[in-house]
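K.L.:
The primary structure of each chain is shown beneath.
2 protein chains.
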Amino acid sequence: MLKVPEHQVAGHIAKDGKLGPLIDDQGRFYKPLQGDARGENEAKFYESFTSNKNVPDHIRGYFPVYHGVQQVEASDGSGELPHLVLEDVVSGYVKPSVMDVKIGSRTWYPDVSEEYFNKCIKKDMATTTVSLGFRVSGLKIFDHQVSGFWRPDKRVVLAYKVDGARMALRKFVSSNSLDDDAVPDCAFASEVYGGSNGILKQLLELKAWFETQTLYHFNSCSVLMVYENESGGDDERRAQVKLVDFAHVLDGNGVIDHNFFGGLCSFIKFIQDILESSDNGHENGH
Amino acid sequence: MLKVPEHQVAGHIAKDGKLGPLIDDQGRFYKPLQGDARGENEAKFYESFTSNKNVPDHIRGYFPVYHGVQQVEASDGSGELPHLVLEDVVSGYVKPSVMDVKIGSRTWYPDVSEEYFNKCIKKDMATTTVSLGFRVSGLKIFDHQVSGFWRPDKRVVLAYKVDGARMALRKFVSSNSLDDDAVPDCAFASEVYGGSNGILKQLLELKAWFETQTLYHFNSCSVLMVYENESGGDDERRAQVKLVDFAHVLDGNGVIDHNFFGGLCSFIKFIQDILESSDNGHENGH
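From first to last, the protein sequence lines are chains L and S.
So for the first sequence, this note's numbering puts the first residue at 111; every next one is plus one.
So for the second sequence, this note's numbering puts the first residue at 111; every next one is plus one.
Please keep in mind that the hints were generated in silico from the structure rather than gathered at the bench.
There are no misleading hints in this set.
Same chains, same names: a pair is fine if it fits in one copy or spans any two.
Taking lysine to aspartate or glutamate and the EDC-like style, the derived pairs with C-alpha atoms no more than 20 Å apart in a straight line are: (1) 271 to 361; (2) 232 to 221; (3) 379 to 361; (4) 379 to 321.
If you're wondering where the values come from, they're calculated on a predicted model, not measured in any experiment.
Modelling step: build the complete structure from the supplied sequences, incorporating the hints.
P.N.:
Now the structure itself:
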């Protein structure tokens, strides 16, 4: 039996009879193929990527595993529809904090319709896409003080300016996220963003690939960050970076994806700044 | 006595009684302060940059030396006007090949007027700015077969698509540039683009700085490339990279210049591709 994903933070949500992704209890994520060309384009990307021998193995790990397209009962009750069957990235996490960050200083690209261009550029200017080269699309933080999840409203998230985005990235790794008056303590920054298995390390691996890869242009694609808040036998955070949302991927045609690459490097600088200031904070006893 | 620069390839040209830059015979370049805010903004940038202790010394060499603002007789006969006094980058070259490449996937930036935005985005889409993250703004190549300069028309240059830009970058380092039927031989690629003092080496130094610098955002700024074609006692090409045109520079405010950085890396990939294919060509005896 398929059900609505509990930890989805951006995109169409399958609730109140709407069409959206579903999950099973085997760690698979069922994403309905959108009616227009987007669904088909995303399926085409996964087919191409999966069979592309020029993609290094260590880079594949940053993409959800693809299990083909399958007809399943849609979440909106409209009967069977084709769904992409993907790895459910947050499956296996008990109390995951999750953030979706859309990378790039534009979400439109050459040869889109004027209508789509106008829609995108308006949103790109209203959010931090143009100014920072990325925007936070959604987040969900496990709060340790109340032992529950905190999830800001989508409108609040999309209204972030530079300081809002920086604050969200600090809160994401703090133990006092829910306290609006407190400075986020970045208590988990070194475990989640830092370290040999941390977010920064993973982003830098992706960066090295994007520096020269000319296979695909990842328009309007997101970096999804996840980590675990359940403290079990070990204190492993299982910090994980995955690229998601490939409905607007185009062939690279011998040109690097300078739009994604520039935005990714800007995002990396934000993570590095948080790591540095939290290091200094600890050293100075703040 | 000031005169019209012989080797300027882009921007306003001081001829036919128009306002434009002038040079003296002491290696200085006099750029009239544009009437609107742009001239003032460029002077402000040079003042800030010159006194900014956070700019590493080895990076300063990639910018023209600044000698202040001075009243000189304008080229359009309108009397004395304030001019930026800069290093004349091509002074001392006898037969320089010169190319101006505007870096970035957009030339507009947040908070510009709607009129300026519309003007920029139209040109950014019509040129390779959006698709490649840079556009060739002008070039002048010394042709060895006719022993004279070849300079394509500005309208031709701005109409380049991906292949046109690639071709121009190949012709720039070829001995048979004027021959439209021949494949550019890239005879000087290894001396000009490659080597320990070559263009690529210099671009990579700039890249390393742009990866983390958050001091300035270099909107609508160009990379100028110059090298010597006069064969003297040594065969030194004196290949040189300089950043020019700072009328639209803004404070970085703690964010990297992801727009310039992404475009610069795309440009670097083009140079690397030419170097690799010309290496292979030599090895295979083509």
